[in-house]
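Q: Sequence:
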Amino acid sequence: MPANKNALIRYKTIDRCLRNRYRRWTLDDLVEACSDTLYDMEGIIKGISKRTVQADIQMMRSDKLGYYAPIEVYDNKYYRYADPDYSISETPISPEDYDVVLQAITLIQKYETDGETEDLGNALMKVKATLNCLLKRG
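For the sequence shown, my numbering gives the first residue as 16, with consecutive numbering after it.
If you're looking for bench data, these hints aren't it; they were derived computationally from the structure. Every residue, glycine too, gets a C-beta built ideally from N, C-alpha and C. Please note: incorrect hints may appear among the correct ones.
[What the hints assert, rightly or not] Here are the simulated BS3-like pairs of lysine-lysine, each with C-alpha atoms no more than 25 Å apart in a straight line: (1) Lys20 / Lys79; (2) Lys92 / Lys125; (3) Lys27 / Lys92; (4) Lys65 / Lys92; (5) Lys79 / Lys125; (6) Lys125 / Lys143; (7) Lys20 / Lys65; (8) Lys141 / Lys125; (9) Lys61 / Lys27; (10) Lys61 / Lys20; (11) Lys79 / Lys65.
[What the hints assert, rightly or not] Taking CB as the label site, the calculated pair distances span: (12) Leu23 / Asp44: 12 to 22 Å; (13) Tyr54 / Ser102: 35 to 45 Å; (14) Ser109 / Ala22: 19 to 29 Å; (15) Gln73 / Asn35: 16 to 26 Å; (16) Tyr54 / Gln118: 42 to 52 Å; (17) Tyr93 / Ala70: 16 to 26 Å; (18) Gln69 / Asp98: 39 to 49 Å; (19) Glu87 / Arg66: 33 to 43 Å; (20) Gly58 / Leu122: 42 to 52 Å.
Construct the entire structure; sequences and hints are all you get.
A: See the structure below:
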């Protein structure tokens, strides 16, 4: 999970830009897109620096947030995803992570008591359904 809301907004903005294959994105373009989005969503007038976007790209490429984004530079100045179908919002869950979450759900269900956790049971069913959808994407 990103460290703060503004970082998440920037990651999603960079993701949206890089998924648009009909435009060539320079670092300056990404800075402008992030600054505009932060202004529109949060009213932040100050804008952001090139260094911030460069750090965001490195973070998205890394395993720290689980994105492993295949961001590449081409023609020495344009950014894009190496995989045109990639998106940080559609990253599938691994079978190993799926198994760990199912084990956690099973453990929680063992300690459920009647009536008190009906909402918890409903939430767990939704989590299981979501996990099944995520696993099928991968």
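Q: All hints are to be evaluated individually against the structure, with a verdict given for each.
A: Cross-check of the supplied hints:
no., hint, verdict
1, Lys20 / Lys79, "holds, 17 Å"
2, Lys92 / Lys125, "violated, 55 Å"
3, Lys27 / Lys92, "holds, 21 Å"
4, Lys65 / Lys92, "holds, 13 Å"
5, Lys79 / Lys125, "violated, 32 Å"
6, Lys125 / Lys143, "holds, 16 Å"
7, Lys20 / Lys65, "holds, 19 Å"
8, Lys141 / Lys125, "holds, 17 Å"
9, Lys61 / Lys27, "holds, 19 Å"
10, Lys61 / Lys20, "holds, 16 Å"
11, Lys79 / Lys65, "holds, 21 Å"
12, Leu23 / Asp44: 12 to 22 Å, "holds, 20 Å"
13, Tyr54 / Ser102: 35 to 45 Å, "violated, 24 Å"
14, Ser109 / Ala22: 19 to 29 Å, "holds, 24 Å"
15, Gln73 / Asn35: 16 to 26 Å, "holds, 21 Å"
16, Tyr54 / Gln118: 42 to 52 Å, "holds, 44 Å"
17, Tyr93 / Ala70: 16 to 26 Å, "holds, 19 Å"
18, Gln69 / Asp98: 39 to 49 Å, "violated, 21 Å"
19, Glu87 / Arg66: 33 to 43 Å, "violated, 20 Å"
20, Gly58 / Leu122: 42 to 52 Å, "holds, 43 Å"
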